[in-house]
Amino acid sequence: NAGVMQNPRHLVRRRGQEARLRCSPMKGHSHVYWYRQLPEEGLKFMVYLQKENIIDESGMPKERFSAEFPKEGPSILRIQQVVRGDSAAYFCASSPTRQGNNLNTEAFFGQGTRLTVV
Amino acid sequence: TQLLEQSPQFLSIQEGENLTVYCNSSSVFSSLQWYRQEPGEGPVLLVTVVTGGEVKKLKRLTFQFGDARKDSSLHITAAQTGDTGLYLCAGRNQAGTALIFGKGTTLSVSS
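If you read the protein sequences in the order shown, they are chains A and B.
Mapping to my numbering: the first sequence position 21 is 21, numbers consecutive.
Mapping to my numbering: the second sequence position 10 is 1010, numbers consecutive.
Hints listed in this document are in silico derivations from the structure and should not be mistaken for laboratory results.
Where a beta carbon is used, it is the ideal one built from N, C-alpha and C, also for glycine.
There's no promise every hint is true.
[Stated by the list, open to error] In silico contact screen, one side only, chain B against chain A (beta carbon under 10 Å); selected entries:
1. Leu1004
2. Ser1007
3. Tyr1035
4. Gln1037
5. Pro1043
6. Val1044
7. Gly1066
8. Thr1097
[Unchecked claim] List of simulated lysine-lysine pairs, BS3-like, C-alpha gap at most 30 Å:
9. Lys1059/B - Lys1070/B
10. Lys1059/B - Lys1103/B
11. Lys27/A - Lys1056/B
12. Lys1057/B - Lys1070/B
13. Lys1070/B - Lys1056/B
14. Lys1057/B - Lys44/A
15. Lys71/A - Lys51/A
16. Lys62/A - Lys44/A
17. Lys51/A - Lys27/A
18. Lys1059/B - Lys62/A
19. Lys1070/B - Lys1103/B
20. Lys51/A - Lys62/A
21. Lys1056/B - Lys62/A
22. Lys27/A - Lys44/A
23. Lys1056/B - Lys51/A
24. Lys1059/B - Lys27/A
25. Lys1070/B - Lys44/A
26. Lys71/A - Lys1059/B
[Claimed, not checked] Okay, the calculated beta carbon distance ranges per label pair:
27. Glu1017/B - Arg114/A: 30 to 36 Å
28. Lys27/A - Glu1041/B: 18 to 24 Å
29. Ala1078/B - Glu68/A: 46 to 52 Å
30. Leu38/A - Ile1013/B: 33 to 39 Å
31. Glu1015/B - Arg9/A: 43 to 49 Å
32. Ser1007/B - Pro96/A: 31 to 37 Å
33. Lys27/A - Pro1039/B: 26 to 32 Å
34. Ile55/A - Asn1018/B: 38 to 44 Å
35. Thr1001/B - Glu52/A: 27 to 33 Å
36. Pro1008/B - Val83/A: 29 to 35 Å
37. Glu52/A - Arg1060/B: 29 to 35 Å
Isolated chain B, as found in the complex (with noise of 0.2 Å):
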């Protein structure tokens, strides 16, 4: 069974610091995706990584595959209250046909 575990499952800082959060499994996944979630609403896709060790920079937020695939980090520089939400990592399983959910990490960053 494919499997992504998401740590720390909640968060909590002030504005300005930095972060990361890390989805794991023991399987390797051909991509894995990044959604940001808030209160209410529906999952929102961040960036999707495809290649191992691949880097790919969204403004602040930085997102790197580990070489293997079976890894992916999410790291927030100088966060804002607006990056509060949960951050779901997902992966497609071996028949292509589902997106597999990590339970998410829940941030909350106050000012």
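Pulled out of the complex, with its shape left as it was, chain A reads as follows (with noise of 0.2 Å):
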């Protein structure tokens, strides 16, 4: 059973390109998270999604960066005109469905996708 899998693990971008990441979540798992990490800064939450949902996205900043997780395929990070504050470790996290009121389920990380704004 693979893990959460994110490609590419490093991205250069150039200032006001687009940046895409991806994520696949584990085999079974309905509920994907993603996270920014920057050095000494912690994890960041930014978005919560279940198949064709956002359901928090409280964490994302209000302009350029959108998330999608659709039906069919990985969930999709996209930045639009990155800037250099955006170079970050971007981590995607899965678990699976949660069962009536469990809020303990675990979360399982993906090795992240390293963006570096050039």
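Can you join these two chains into the complex? Each is in its own frame, and there are hints to help.
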């Protein structure tokens, strides 16, 4: 059973270009989370998605960032018109379908995409 | 706002020593999780603690959840160089929609 797969592992973009980060959750997982990590700042929550639905995007910047999790295919985090400040490691995590009101469902992380904006 | 404060931020010790790292909050969490992250990799889940006062052991690692479910600690006995890494604690936000992470403790174990 493969883990959470993210690609690419490394991505270099020039300022103003678009960055697309992909995440395939673990088999049987229908919940996807995106996090951004900067050195010494910890993991910051960005967005929580289920298939075809955005559940919580409270951590997403208001502009240039968007995320989707289509019925078929991987989840995509899209950053338009990248700036140097977008350089970071972006992690995706997935968890299985929540059962009832169980809020203790564990999340499993991918290896991340390291975005460098030059 | 729910926050998780981890201490110390950095810890450098010799192989064979014992250590404890802490995760504290003013908020109550239904559960807390501990992850370990190595450079260039994603966080790997070590344990989830659910019940106030719970103690879980994973080989040389002992995890404790405070009685009030506001804090947790990780104790490592006889540290090894392979324990080197970033240790993160995390808890679900009240809506249950996200894991909130502390900034982590960077542990360096030298031989």
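Verification of the hints:
no. : hint                             : in the structure
1   : Leu1004                          : 9 Å, holds
2   : Ser1007                          : 13 Å, violated
3   : Tyr1035                          : 8 Å, holds
4   : Gln1037                          : 8 Å, holds
5   : Pro1043                          : 5 Å, holds
6   : Val1044                          : 7 Å, holds
7   : Gly1066                          : 16 Å, violated
8   : Thr1097                          : 4 Å, holds
9   : Lys1059/B - Lys1070/B            : 24 Å, holds
10  : Lys1059/B - Lys1103/B            : 25 Å, holds
11  : Lys27/A - Lys1056/B              : 28 Å, holds
12  : Lys1057/B - Lys1070/B            : 19 Å, holds
13  : Lys1070/B - Lys1056/B            : 16 Å, holds
14  : Lys1057/B - Lys44/A              : 28 Å, holds
15  : Lys71/A - Lys51/A                : 6 Å, holds
16  : Lys62/A - Lys44/A                : 15 Å, holds
17  : Lys51/A - Lys27/A                : 13 Å, holds
18  : Lys1059/B - Lys62/A              : 44 Å, violated
19  : Lys1070/B - Lys1103/B            : 16 Å, holds
20  : Lys51/A - Lys62/A                : 22 Å, holds
21  : Lys1056/B - Lys62/A              : 41 Å, violated
22  : Lys27/A - Lys44/A                : 25 Å, holds
23  : Lys1056/B - Lys51/A              : 34 Å, violated
24  : Lys1059/B - Lys27/A              : 29 Å, holds
25  : Lys1070/B - Lys44/A              : 20 Å, holds
26  : Lys71/A - Lys1059/B              : 41 Å, violated
27  : Glu1017/B - Arg114/A: 30 to 36 Å : 32 Å, holds
28  : Lys27/A - Glu1041/B: 18 to 24 Å  : 21 Å, holds
29  : Ala1078/B - Glu68/A: 46 to 52 Å  : 47 Å, holds
30  : Leu38/A - Ile1013/B: 33 to 39 Å  : 26 Å, violated
31  : Glu1015/B - Arg9/A: 43 to 49 Å   : 31 Å, violated
32  : Ser1007/B - Pro96/A: 31 to 37 Å  : 32 Å, holds
33  : Lys27/A - Pro1039/B: 26 to 32 Å  : 28 Å, holds
34  : Ile55/A - Asn1018/B: 38 to 44 Å  : 42 Å, holds
35  : Thr1001/B - Glu52/A: 27 to 33 Å  : 30 Å, holds
36  : Pro1008/B - Val83/A: 29 to 35 Å  : 33 Å, holds
37  : Glu52/A - Arg1060/B: 29 to 35 Å  : 44 Å, violated
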